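There are 6 protein chains.
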Amino acid sequence: MPVITITLIEGYEAEFKSSLCKTLGNVAKTYTGAPPDGVTVMVNEVKGENYMRAGLHRQPGPPPADARDVVKTFLTTMQERDLNAARDFLHEDFTMTFPGGVTMKRLEELIDWAKDRYQNVGKQYERFDRVFEEKTSIVYCYGTLEGVWLDGSPFSGIRFIDRFVVQDGKLLDHQVWNDMGEQLMASR
Amino acid sequence: MPVITITLIEGYEAEFKSSLCKTLGNVAKTYTGAPPDGVTVMVNEVKGENYMRAGLHRQPGPPPADARDVVKTFLTTMQERDLNAARDFLHEDFTMTFPGGVTMKRLEELIDWAKDRYQNVGKQYERFDRVFEEKTSIVYCYGTLEGVWLDGSPFSGIRFIDRFVVQDGKLLDHQVWNDMGEQLMASR
Amino acid sequence: MPVITITLIEGYEAEFKSSLCKTLGNVAKTYTGAPPDGVTVMVNEVKGENYMRAGLHRQPGPPPADARDVVKTFLTTMQERDLNAARDFLHEDFTMTFPGGVTMKRLEELIDWAKDRYQNVGKQYERFDRVFEEKTSIVYCYGTLEGVWLDGSPFSGIRFIDRFVVQDGKLLDHQVWNDMGEQLMASR
Amino acid sequence: MPVITITLIEGYEAEFKSSLCKTLGNVAKTYTGAPPDGVTVMVNEVKGENYMRAGLHRQPGPPPADARDVVKTFLTTMQERDLNAARDFLHEDFTMTFPGGVTMKRLEELIDWAKDRYQNVGKQYERFDRVFEEKTSIVYCYGTLEGVWLDGSPFSGIRFIDRFVVQDGKLLDHQVWNDMGEQLMASR
Amino acid sequence: MPVITITLIEGYEAEFKSSLCKTLGNVAKTYTGAPPDGVTVMVNEVKGENYMRAGLHRQPGPPPADARDVVKTFLTTMQERDLNAARDFLHEDFTMTFPGGVTMKRLEELIDWAKDRYQNVGKQYERFDRVFEEKTSIVYCYGTLEGVWLDGSPFSGIRFIDRFVVQDGKLLDHQVWNDMGEQLMASR
Amino acid sequence: MPVITITLIEGYEAEFKSSLCKTLGNVAKTYTGAPPDGVTVMVNEVKGENYMRAGLHRQPGPPPADARDVVKTFLTTMQERDLNAARDFLHEDFTMTFPGGVTMKRLEELIDWAKDRYQNVGKQYERFDRVFEEKTSIVYCYGTLEGVWLDGSPFSGIRFIDRFVVQDGKLLDHQVWNDMGEQLMASR
Numbered sequence: 739m740p741v742i743t744i745t746l747i748e749g750y751e752a753e754f755k756s757s758l759c760k761t762l763g764n765v766a767k768t769y770t771g772a773p774p775d776g777v778t779v780m781v782n783e784v785k786g787e788n789y790m791r792a793g794l795h796r797q798p799g800p801p802p803a804d805a806r807d808v809v810k811t812f813l814t815t816m817q818e819r820d821l822n823a824a825r826d827f828l829h830e831d832f833t834m835t836f837p838g839g840v841t842m843k844r845l846e847e848l849i850d851w852a853k854d855r856y857q858n859v860g861k862q863y864e865r866f867d868r869v870f871e872e873k874t875s876i877v878y879c880y881g882t883l884e885g886v887w888l889d890g891s892p893f894s895g896i897r898f899i900d901r902f903v904v905q906d907g908k909l910l911d912h913q914v915w916n917d918m919g920e921q922l923m924a925s926r
Numbered sequence: 739m740p741v742i743t744i745t746l747i748e749g750y751e752a753e754f755k756s757s758l759c760k761t762l763g764n765v766a767k768t769y770t771g772a773p774p775d776g777v778t779v780m781v782n783e784v785k786g787e788n789y790m791r792a793g794l795h796r797q798p799g800p801p802p803a804d805a806r807d808v809v810k811t812f813l814t815t816m817q818e819r820d821l822n823a824a825r826d827f828l829h830e831d832f833t834m835t836f837p838g839g840v841t842m843k844r845l846e847e848l849i850d851w852a853k854d855r856y857q858n859v860g861k862q863y864e865r866f867d868r869v870f871e872e873k874t875s876i877v878y879c880y881g882t883l884e885g886v887w888l889d890g891s892p893f894s895g896i897r898f899i900d901r902f903v904v905q906d907g908k909l910l911d912h913q914v915w916n917d918m919g920e921q922l923m924a925s926r
Numbered sequence: 739m740p741v742i743t744i745t746l747i748e749g750y751e752a753e754f755k756s757s758l759c760k761t762l763g764n765v766a767k768t769y770t771g772a773p774p775d776g777v778t779v780m781v782n783e784v785k786g787e788n789y790m791r792a793g794l795h796r797q798p799g800p801p802p803a804d805a806r807d808v809v810k811t812f813l814t815t816m817q818e819r820d821l822n823a824a825r826d827f828l829h830e831d832f833t834m835t836f837p838g839g840v841t842m843k844r845l846e847e848l849i850d851w852a853k854d855r856y857q858n859v860g861k862q863y864e865r866f867d868r869v870f871e872e873k874t875s876i877v878y879c880y881g882t883l884e885g886v887w888l889d890g891s892p893f894s895g896i897r898f899i900d901r902f903v904v905q906d907g908k909l910l911d912h913q914v915w916n917d918m919g920e921q922l923m924a925s926r
Numbered sequence: 739m740p741v742i743t744i745t746l747i748e749g750y751e752a753e754f755k756s757s758l759c760k761t762l763g764n765v766a767k768t769y770t771g772a773p774p775d776g777v778t779v780m781v782n783e784v785k786g787e788n789y790m791r792a793g794l795h796r797q798p799g800p801p802p803a804d805a806r807d808v809v810k811t812f813l814t815t816m817q818e819r820d821l822n823a824a825r826d827f828l829h830e831d832f833t834m835t836f837p838g839g840v841t842m843k844r845l846e847e848l849i850d851w852a853k854d855r856y857q858n859v860g861k862q863y864e865r866f867d868r869v870f871e872e873k874t875s876i877v878y879c880y881g882t883l884e885g886v887w888l889d890g891s892p893f894s895g896i897r898f899i900d901r902f903v904v905q906d907g908k909l910l911d912h913q914v915w916n917d918m919g920e921q922l923m924a925s926r
Numbered sequence: 739m740p741v742i743t744i745t746l747i748e749g750y751e752a753e754f755k756s757s758l759c760k761t762l763g764n765v766a767k768t769y770t771g772a773p774p775d776g777v778t779v780m781v782n783e784v785k786g787e788n789y790m791r792a793g794l795h796r797q798p799g800p801p802p803a804d805a806r807d808v809v810k811t812f813l814t815t816m817q818e819r820d821l822n823a824a825r826d827f828l829h830e831d832f833t834m835t836f837p838g839g840v841t842m843k844r845l846e847e848l849i850d851w852a853k854d855r856y857q858n859v860g861k862q863y864e865r866f867d868r869v870f871e872e873k874t875s876i877v878y879c880y881g882t883l884e885g886v887w888l889d890g891s892p893f894s895g896i897r898f899i900d901r902f903v904v905q906d907g908k909l910l911d912h913q914v915w916n917d918m919g920e921q922l923m924a925s926r
Numbered sequence: 739m740p741v742i743t744i745t746l747i748e749g750y751e752a753e754f755k756s757s758l759c760k761t762l763g764n765v766a767k768t769y770t771g772a773p774p775d776g777v778t779v780m781v782n783e784v785k786g787e788n789y790m791r792a793g794l795h796r797q798p799g800p801p802p803a804d805a806r807d808v809v810k811t812f813l814t815t816m817q818e819r820d821l822n823a824a825r826d827f828l829h830e831d832f833t834m835t836f837p838g839g840v841t842m843k844r845l846e847e848l849i850d851w852a853k854d855r856y857q858n859v860g861k862q863y864e865r866f867d868r869v870f871e872e873k874t875s876i877v878y879c880y881g882t883l884e885g886v887w888l889d890g891s892p893f894s895g896i897r898f899i900d901r902f903v904v905q906d907g908k909l910l911d912h913q914v915w916n917d918m919g920e921q922l923m924a925s926r
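Line order of the protein sequences matches chains A, B, C, D, E and F.
One rule links them: number in our numbering = place in the first sequence (from 1) + 738.
One rule links them: number in our numbering = place in the second sequence (from 1) + 738.
One rule links them: number in our numbering = place in the third sequence (from 1) + 738.
One rule links them: number in our numbering = place in the fourth sequence (from 1) + 738.
One rule links them: number in our numbering = place in the fifth sequence (from 1) + 738.
One rule links them: number in our numbering = place in the sixth sequence (from 1) + 738.
In short, the hints are calculated from the structure, not lab data.
All copies of an identical chain are treated as equivalent in the list; a pair is satisfied when it fits inside any one copy or across any two copies.
DSS-like cross-link-like pairs, simulated, lysine-lysine; straight-line CA separation at most 27 Å:
#1 K810 / K873
#2 K760 / K908
#3 K843 / K873
#4 K810 / K853
All values derive from a computational prediction rather than experimental measurement.
Could you put together the complete structure from these sequences and hints?
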């Protein structure tokens with residue numbers, strides 16, 4: 739039975755509003771347990787000249803990128819080993835934690851660390867999930883790894899999951915879990 | 739600048755509404771990039787007698803449990819090896835996938851599988867995250883494992899992450915990743 | 739898809755509001771052709787101290803009687819031949835038109851006119867319908883007549899329909915059609 | 739004092755909205771007894787992309803025909819004896835009841851039945867009234883009949899009233915009362 | 739924390755709406771003591787065809803002139819000694835009260851009265867303030883006078899204040915205070 | 739035709755809300771020129787637990803005093819020569835300007851200055867007007883002075899006007915005009 743109205747200054751794309759409505763509706767539905775038919779979401783668009791807060795009219799800038807897209811682009815640059823581009827995505831307090839609990843801060847450290855584990859690696863993504871926090875977005879993605887071990891033998895289908903904390907379009911934290919250890923152990 | 743109004747039939751707890759407002763506000767803030775001060779959320783409560791859909795007044799039942807609480811209670815029952823209680827949380831299509839890609843359907847299978855890996859295991863949780871989907875909620879939790887290996891030696895601080903899909907209060911899917919393989923490999 | 743909100747000063751009975759919501763919903767549904775699930779009606783109640791028009795707070799008096807109830811009570815008083823009570827329901831411009839196009843203004847005329855048609859008559863009502871006009875309500879009711887002819891023979895099941903125009907709780911116009919003529923003709 | 743807001747997906751004609759506002763206002767005024775100046779009705783139009791129910795955007799089709807227009811068109815086709823066109827207006831459960839309580843289902847029956855009553859008949863309509871029900875609309879119309887009796891003599895000014903139940907643009911029920919019997923009786 | 743929504747029939751200039759929002763926001767802020775960030779004002783514009791009161795659509799005419807502009811124009815015409823133009827601004831009940839409590843009704847009286855005080859006078863305005871009443875607006879303006887005394891000596895910087903009551907674009911009352919008396923006394 | 743809704747967290751006195759509605763209505767009426775009947779103001783009260791801005795629920799403190807009451811109380815303390823109490827009303831940047839353009843900052847200066855003008859003075863107030871600014875309120879009051887001149891002769895009915903700028907309950911500026919100079923000049 740929830741009826742949600744969100745007032746926005748006009749100018750957003752239909753796709754943006756549709757996604758926003760969907761998410762707000764999902765939240766309301768999840769919280770209340772209302773049946774799908776009982777959840778209505780409406781966007782009330784007002785012109786900038788019709789909205790005033792603190793005595794000032796407002797004109798929203800372009801909406802920030804979806805944190806999942808930030809992560810996807812970062813992952814692509816890493817896949818392409820374009821470290822300069824990838825580095826632009828890192829918050830100054832960026833930290834990453836890899837299997838075994840290895841903690842690093844710079845992408846170069848990661849490249850070095852990986853050299854002892856495989857010749858190369860690629861990722862097949864099954865899904866990206868997004869969590870809405872007050873100041874950050876959290877993105878989870880998981881799927882399988884494929885690549886070539888140090889001895890030249892190929893691998894594929896190795897399960898992995900990544901967790902990213904994204905703030906203002908930058909990666910603040912990156913944690914990785916995967917089954918490489920399981921795989922190596924099993925293959926011995 | 740988003741102003742959100744959600745109309746609910748009255749009767750929800752203050753804490754419930756506060757959490758709902760917080761989440762809706764986080765969603766709106768994340769989508770629009772508005773400053774915190776620019777996000778207003780209001781609950782408009784109406785009596786059941788003042789709300790009619792499809793010609794019928796509505797009286798909402800108690801809201802469904804937070805999927806994170808469903809997962810926490812399930813994890814507690816598993817920790818206590820109360821399989822009967824744990825089983826009540828499983829959707830009839832429940833599947834679980836454990837490190838190495840092992841897929842199981844019944845908790846007894848899991849118990850059997852674990853017997854070859856450790857004597858016992860416990861979990862320290864660092865955080866639970868919730869994702870709002872249309873029909874399901876997805877819960878991620880991660881932290882560290884502690885316990886006793888098969889050879890009687892203790893372990894702790896081993897990183898893990900769980901992903902649950904929760905539907906109507908039941909677990910539909912459970913995926914697990916952890917660093918046990920890494921740890922075992924390293925210790926050899 | 740229509741969502742209707744009606745703001746009222748608080749104090750109306752639940753039953754009143756329910757009926758109002760139902761009617762508003764029926765109107766919206768009829769006009770738009772929306773499916774039942776897509777029609778939401780909400781009453782927004784405000785205290786008298788929270789409502790001001792033309793610089794004045796308002797306190798609504800009791801709502802006027804449903805015009806169908808006005809008509810029902812009038813019909814009962816007529817059935818009981820309580821002309822004094824019945825007369826109180828008549829607007830000063832009251833007119834009635836009976837089968838054959840007989841037009842009268844006073845109840846006594848009606849009594850006289852009926853004397854030449856039957857010894858007595860009663861009504862079984864099948865249904866009352868209400869039409870909402872700007873200044874008046876129109877009430878239709880129909881069903882069957884039963885009673886005794888002038889010759890002492892009984893009759894029943896004779897179809898009739900009444901149309902009333904009600905203004906400010908008074909009857910402004912009353913038109914009657916029935917099958918008495920058909921019946922008499924058939925019985926000859 | 740009622741203030742009504744009806745939210746519609748944009749695209750309706752001004753005339754449609756005006757009529758809808760008028761009817762909603764009449765309902766609110768009739769229920770509450772508020773003075774005309776105290777009844778405000780506003781249409782809040784949202785784009786389809788700004789409205790979501792059950793996770794779906796909606797685009798309303800053309801509104802269904804006013805039941806009074808359905809009835810008027812049916813009556814015209816009948817007047818013109820265009821039985822094929824008239825038949826298209828009949829619901830599969832259509833029933834009609836004519837003076838004397840004659841019940842028929844097919845238009846041909848009606849033609850036959852009328853043959854014994856007059857050579858031809860036409861209608862002058864004084865007024866059409868509409869009643870809003872949940873699944874149906876009820877239409878009343880009344881006025882006078884004119885035509886030629888079986889003996890070739892003309893008649894006119896004979897009072898009649900019709901009651902139609904309209905569902906999804908089809909006639910479900912048609913009841914007729916008139917003063918023909920009265921007239922015939924009087925003329926004997 | 740106040741959130742104000744004002745529904746207007748569309749067609750007003752952006753500047754008009756901005757000023758209206760600003761004033762409504764100032765009122766709400768002043769009454770509640772809310773911080774600036776906590777005061778939101780939104781104009782909800784509806785088409786004339788989407789607004790109905792007392793069963794009628796409305797089309798607002800041009801908004802009345804700001805009473806401060808009425809006063810400013812009047813003062814300019816007076817400064818230019820265009821009495822005909824100035825007279826058009828006077829309500830038929832116009833009264834003016836000048837220093838010493840002199841009360842006059844016609845501009846000619848004022849001209850006569852002034853002849854005994856100075857050869858000519860001009861005004862430098864520091865500020866115009868507006869007060870919103872139910873039927874009138876009150877305008878205060880103050881600043882300094884400059885001109886030539888009867889003896890030909892110049893003066894300037896003499897403080898004055900005017901108070902105007904404006905109704906329907908006409909001046910109903912004009913009161914004047916200034917330091918001319920102080921100045922004359924001091925100069926003796 | 740303006741319809742104003744102001745959402746407030748519940749807890750304000752009826753009198754406060756009534757005055758707020760009146761002022762908002764006066765503003766809307768003045769701007770648009772709408773007839774009195776066409777101006778509706780509604781307070782939508784929400785519980786603190788139903789309102790969230792910047793992720794926080796809000797609980798409004800008591801509303802600030804009406805600036806006219808601040809001025810009135812200050813004027814009373816001055817009349818009673820309770821300088822300590824009066825001083826509490828002064829903003830640290832307080833300035834006052836008296837007839838002849840005398841500028842002072844401390845009340846003692848005013849007392850000294852007045853000693854050369856009259857033995858004592860009292861005020862009869864005709865009216866207090868309030869102007870709503872973004873950070874301040876401006877209060878005008880006018881009426882007549884009465885008292886005793888330095889030579890012991892009484893005076894009364896001398897016109898005066900005060901203008902106060904009030905910020906956060908303190909007086910920031912005080913300007914005075916009156917006819918004392920006129921009166922003295924006239925009496926010579």
